[in-house]
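There are 6 protein chains.
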Amino acid sequence: MNEMDENRENSIKKVVEKAQILTEALPYIRDFHNKRVVIKYGSSVMSDSEAAQSVLDDIVWLKLIGMQPIIVHSGSDEITHWLELTGKTVEFINRNRVTDKDAIEIVEMVLGKTNKQLVQNIERLGVKAVGVCGKDNSMIRAKERVIDGVKYGYLGEITQVDTTLIENLLNNDCIPVVASDGVGENFESYNLIADDVACELAKALKAEKLLFLARQDVLDGRKVRVPSAMISTQDARELIEEGRIDDDMVYKLKCSIDAAENGVHRVHIVDGTIPHSILLEFFTVFGVGTAIVKDKKELYPHEVEFR
Amino acid sequence: MNEMDENRENSIKKVVEKAQILTEALPYIRDFHNKRVVIKYGSSVMSDSEAAQSVLDDIVWLKLIGMQPIIVHSGSDEITHWLELTGKTVEFINRNRVTDKDAIEIVEMVLGKTNKQLVQNIERLGVKAVGVCGKDNSMIRAKERVIDGVKYGYLGEITQVDTTLIENLLNNDCIPVVASDGVGENFESYNLIADDVACELAKALKAEKLLFLARQDVLDGRKVRVPSAMISTQDARELIEEGRIDDDMVYKLKCSIDAAENGVHRVHIVDGTIPHSILLEFFTVFGVGTAIVKDKKELYPHEVEFR
Amino acid sequence: MNEMDENRENSIKKVVEKAQILTEALPYIRDFHNKRVVIKYGSSVMSDSEAAQSVLDDIVWLKLIGMQPIIVHSGSDEITHWLELTGKTVEFINRNRVTDKDAIEIVEMVLGKTNKQLVQNIERLGVKAVGVCGKDNSMIRAKERVIDGVKYGYLGEITQVDTTLIENLLNNDCIPVVASDGVGENFESYNLIADDVACELAKALKAEKLLFLARQDVLDGRKVRVPSAMISTQDARELIEEGRIDDDMVYKLKCSIDAAENGVHRVHIVDGTIPHSILLEFFTVFGVGTAIVKDKKELYPHEVEFR
Amino acid sequence: MNEMDENRENSIKKVVEKAQILTEALPYIRDFHNKRVVIKYGSSVMSDSEAAQSVLDDIVWLKLIGMQPIIVHSGSDEITHWLELTGKTVEFINRNRVTDKDAIEIVEMVLGKTNKQLVQNIERLGVKAVGVCGKDNSMIRAKERVIDGVKYGYLGEITQVDTTLIENLLNNDCIPVVASDGVGENFESYNLIADDVACELAKALKAEKLLFLARQDVLDGRKVRVPSAMISTQDARELIEEGRIDDDMVYKLKCSIDAAENGVHRVHIVDGTIPHSILLEFFTVFGVGTAIVKDKKELYPHEVEFR
Amino acid sequence: MNEMDENRENSIKKVVEKAQILTEALPYIRDFHNKRVVIKYGSSVMSDSEAAQSVLDDIVWLKLIGMQPIIVHSGSDEITHWLELTGKTVEFINRNRVTDKDAIEIVEMVLGKTNKQLVQNIERLGVKAVGVCGKDNSMIRAKERVIDGVKYGYLGEITQVDTTLIENLLNNDCIPVVASDGVGENFESYNLIADDVACELAKALKAEKLLFLARQDVLDGRKVRVPSAMISTQDARELIEEGRIDDDMVYKLKCSIDAAENGVHRVHIVDGTIPHSILLEFFTVFGVGTAIVKDKKELYPHEVEFR
Amino acid sequence: MNEMDENRENSIKKVVEKAQILTEALPYIRDFHNKRVVIKYGSSVMSDSEAAQSVLDDIVWLKLIGMQPIIVHSGSDEITHWLELTGKTVEFINRNRVTDKDAIEIVEMVLGKTNKQLVQNIERLGVKAVGVCGKDNSMIRAKERVIDGVKYGYLGEITQVDTTLIENLLNNDCIPVVASDGVGENFESYNLIADDVACELAKALKAEKLLFLARQDVLDGRKVRVPSAMISTQDARELIEEGRIDDDMVYKLKCSIDAAENGVHRVHIVDGTIPHSILLEFFTVFGVGTAIVKDKKELYPHEVEFR
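Residue numbers (this note's numbering), protein chains in the order written: chain A, 3 to 309; chain B, 3 to 309; chain C, 3 to 309; chain D, 3 to 309; chain E, 3 to 309; chain F, 3 to 309.
Since the hints were derived computationally from the structure, they do not count as laboratory data.
For each residue, glycine too, the CB sits at the ideal point set by N, CA and C.
One or more of the hints may lead you astray.
[To be verified] If you anchor each label on the Cβ, the simulated ranges turn out as follows:
1) C:D175 to A:N188: 48 to 56 Å
2) A:K16 to F:K299: 55 to 63 Å
3) A:N188 to C:Q22: 21 to 29 Å
4) A:N188 to D:N188: 47 to 55 Å
5) A:K15 to F:K299: 26 to 34 Å
6) F:K15 to A:K256: 49 to 57 Å
7) A:K15 to F:I242: 26 to 34 Å
8) A:P303 to F:K299: 41 to 49 Å
9) C:Q22 to D:L87: 56 to 64 Å
10) E:T91 to D:K16: 43 to 51 Å
[Said to hold, decoys possible] With a Cα cut of at most 25 Å, we get these calculated DSS-like pairs of lysine-lysine:
11) E:K20 to D:K37
12) B:K208 to B:K153
13) D:K153 to D:K208
14) E:K103 to F:K296
[Said to hold, decoys possible] These stretches of chain B come out as covered by chain C in the derived footprint (C-beta under 8 Å, 3 or more residues):
15) 28-41
16) 60-70
17) 253-265
Here chain A stands alone, though its shape is the one from the complex (with noise of 0.2 Å):
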């Protein structure tokens, strides 16, 4: 053999390689087909422009292999520089923050330009994306947030969510991304935390999956990883019990056991840090984050004979 041919064998043994990692994830593609998934795309993730990037990527990916995805994304963190920047005082209690007439006007443009931002994002990977919020269509319908007795103005919660607008951009073949605001009674503008958007939104679409972008894993109180990658609704609450959590995964994991137990297939929490993080999760067998299932035993086909 002489040396073009060895180069020749060498190219070609590297692509067949890469070809073989293609079709390994055929049984997935199978699995996930025409499937919705709702992936709520936190602002800690956004703000990380790289891991953002990734994060589009393979949403984009999930959308040309057939899946559905709708994402719900807030802007806490920019509505906080904006506030500021304009003067106004920030008031948080139990890291709900209280919004009152004056920040909800900041909300309404934070999450406008937030919206359209990702819409144009995803539009440059060459998928169609449209932007909406809880008030198109009257969507999401909402009340004042009131937890022990406190008031928390116009941080609302949600009373009822109306899937026409989804299913019809859904329909037309684009990926729906929703800003987590909706409508009181007299119309009046909400803000609402996105966790519960996107887990209301995930049970009214019967979706497969909910998909929680999130800086860090669901750790013990040991900082380890919950070791294993797929736990029970039950699971969960003990882990809730056990007070070892976080906050903010604390109210992810109430989240996930809601919708986990109202209809959503599989609820995943990830780390939207690391690269690829969503399809590593979808596509690999143990993936890179927590599952939260209703009952352990129901498996996807693919696999069956891993687990």
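Place chains B, C, D, E and F on chain A using the hints.
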């Protein structure tokens, strides 16, 4: 005739007059059935809350009687307000805002907020509305505006319009509310002049009517209303050449000529501060504004007997 | 303010009032959108040409603003005329015409002519109309009417209604005009009471409204209008039992009770000789006729603030 | 072979012959599948009740095997009867009835009655039928007929045909039964010659076949049947010029030439009093009537072997 | 009457008789419109080329008059031929072919060839046909047949039927021709008994009729035809228990009982060698075969007057 | 960093590389979305079971990521085997099999078996497949092949292609598997060269790509791969004229030129024995085979940066 009967007579007489007015609108309603009308909703009207409400009432009326309104809006007055609030400078050259990186961010925020407020206010009136912008579905493609060698940064010119998303929303019985921005070749944001957006959308959507809501009529130099309610595009050209019309109106007239000569049946410029000016312009014989047509002989059937 | 301006002011003020009246109809139009209304167009109204024209104007208006009117008509006055002209005898028992072989032939001729005249008169107003009868598509099945042992020959009672043809015409944007006859078991013709046809069609079509155009209101014995514009079916039963209402109105009230208690949201009986009585009844707060409902608490949204 | 077996043999032999006849129709059925055929059902046939029944049987058969029959009828004989009964005078000029205000009223009544009777008689045979006239949906527009300066009043000439309603009925699996009248510019009624209506509908519907049911064949002067069952439009012109054919037939031949030269594949004139003349004309090799074609070489596939 | 006229008379008389026979089929055609009929086309019929042609003629006739035939075929006689030709042994246990690896390959080859030949022969008659088998779309799932402990190798039993593909072909106006095989759990091939396939397809397709073409009628032991043309499933059970019917017919009767008691309206067993036996069975009063029904009282409308 | 963390790091690093490879395929997937690709699956590949499996894996992958593959196959190697097994002689003239009556029967049997085996093997991979041939729906019409006066019997040439059935299957989300035969004027069978069938189907289906799986690349006479991976049809003509390419490849190149110059965007010839050669050819920059295009400048968007 006793008093009771007399009262009843009078009361009936009064409502019969009302009914008479409703039926007088019949031929207009018939001629406009299923027709599309693009309405440029100027920031000057938006800032007058009574006018704003009256305009939305009228638009909802158009929708309910079977027309297909599409709203285009800018955010100009508010943009200036927020630029100043956040300490940016505002530069205008020939009435066009030079838009730098900071400014475009504010533009996007204001457009986003304004867009969804309009949606909210229409939804409140009981019809469906969805807010979109030129970036959604990359609906409006743009490039930098350059006039006489002056570069306007992120203030753009429209290069292409794709109406798929708007058609989709119309088919789903929604009023599309369109914020006036667009995306460039590399999917960067461009602020657009709302008059341009309205004009290009009207042409692309083959709209029956394009309507500009302004603060005043087309005036000649003596601030007297243009005597003829309907002028040809040729007349409009002459009005511009006479040089007695103010710049904003010249811009609108140029858009009107463009639209009227490219498939839009009739363009209207009306003073949005007159209560119910849209209804008055569309549903009364002589209207309250200026109508621009390619050919003054192409009347609607209901006009034949009057003009 | 010079005279010219003053004139303009006044003229604008007048049209603004008109616009005000148009917009007042908005909440009604919204509530009635896409709703079906079956209108019994009585021969007494038809014979008053001014009233007839006003009624058709109103029906066309309903159609244009998005309702789905269905017209049911009889031919009774003309039937008598033609029976006499061709030398047949006319026998009524308890207000029901005994219909023999000769009579049914005349009935069919008059119904046919009247039906197509209505179509013509609606088409003249610029909307689509198609005239059908109970025999088309064997839409209305009937059998001989027998009351207290009296046989009424070819005067029938409805046994079954198939709305396929009507639905088809509605879907094709036509106003169906229905002549009140039907076919028996052996496909023989039956003359039907138009009130019955209207009532059964309204029930089968799940109509929002059933409207009887009569020569007079529901009167009590003193010929004073029933004080309350809206009565429950229970009220209606009591009115009948009081025995002071004339026979024709009793029949209509019974049909109204039947319809209101079988899925029709509201039944109206109005004096068709009042100009635009349909618009007045539907689009003003107190109406000009009598409305019969199953439950007086089931108001339309636009009524909530008034009643 | 015992008697029982022999009987069975004979009985089977007989039904096998029947089956043979059914299968002989196969190539015709295949060629005519989904094809439209407009049938002019003349009043002369209608008045012969046995012939009328046989004709309807045949039409229902056409429908059931997959053709799309459209029936056009007049009311002429009955019209005369009713005009006389009600004391009107009947004036014919050149075989065309001069139709005044009184006459047109009678025409409408008779057409209405006849139309629905046909519907009834078809429905009795188990297929769907809907009766319409030229006024429905303003399907047939007409103007006064003027020949050689003679004005025929409300006897009209067709100016325009809109097939929307007929197409709609065909799509809903109904046999349209069309009464031969129309509406003028001001929506006034016009009586029309049914041959004209059939001809114009056939052209507008791009019918495969147009069939005239008459009392007799196309005869030459010696009352002998035209020897060739199929003639070209050129032959037909010559027959007319020879002047030995009676006026009614000349009119039909002219309509036939018009239709055959304007898109109708084959026009048939058959004697409607021969039992099952439609089936015989369509489903046997030589037919029982006269077929007029533009080009005698354009045979149906099933004919190729025979002609 | 001269000779020429007399000849014409006679010739017309003869064709009128033909037309009479065509119209006699009318009520049957009406009752069977759009109904599905699954036809088991046995190899014994296929091998008699005249019978085969007559059967296909009849099936095409059913299609053209509006029924939806589905053909199921085996390949049994030819399979034996090819097994022998290629030197394989043929083992039958209780009339069931034991099918090993070699045999199943031959089975597939013969089925494939036969299937497409049938398609070809139907297409030649001018209607659309598509040949499929149980493997297409994994339409028929099967497992190994085991009776009394005897394993039949690749001769299978049906476990599941998915009619999607058949429905799709019917909607596209094709006659589906189905070869009788299926796929196992691991997608291995199974030869199936065509009677089973026909029976299961008829049940799954909610067919109106299931028809077995056999070489002979259901006979009693004296080789006399079962006297009653229509028997109930109860009668059929008794016939089987009497034990005088041959095995092949017992199998068909069992399938018939299964089908008739699971949603198929009527099952027919006819002697396929009688010319046009399908038409004779379906379109004549007493038929030529045996009809099995769940309840002898459920007659078709066209039968009511006869039975 | 302790060992546990290090292991996790490494493991994550490895899967991230995998994810990287998946995302590299993104631009290809986007460009090929919904595009049709006709794949000629040669008998040489089929007979190598590992290659066959790898090819089917790749085709299923194409399907799952949104392409529309259509498979065309022959049965040539097996045909020879079965002809010999059954004692027939095999005659080839110029590489074309002369096909007599006996041979065509064997051809049909082998094609039938092969066709359904492919279906089975695709279904096993979890996507829908339906096997058809040129006779189904008379999809491929053919006539006897005659070259230089030599008649090839039942080896045919394609005269016409009707894609209705294939479009129907594609719309129903199936992979059509097409056996290469056809029907003649009298519906007799013709064996066809699969390269021809693939070429004509690709043209008729307006396929984006046509792919020939062969045992080797397009080689020049020195058995070295054609240096440029992409050649124009002009280049291909020159390669043929040089005369150093073997006959089979010449035939394929001629088909490629025909397809590329008649609407197929790109034709690929790849060595089917390289594992995953389809994926490698489609999803890597330089591919592993030869691409033939009409114009080398018409690149896919994802190629622009590389070539």
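Exercise for review: Go through the numbered hints given earlier and state which of them the structure violates, listing their numbers in rising order.
Suggested key: 1, 2, 6, 12, 13, 14, 17
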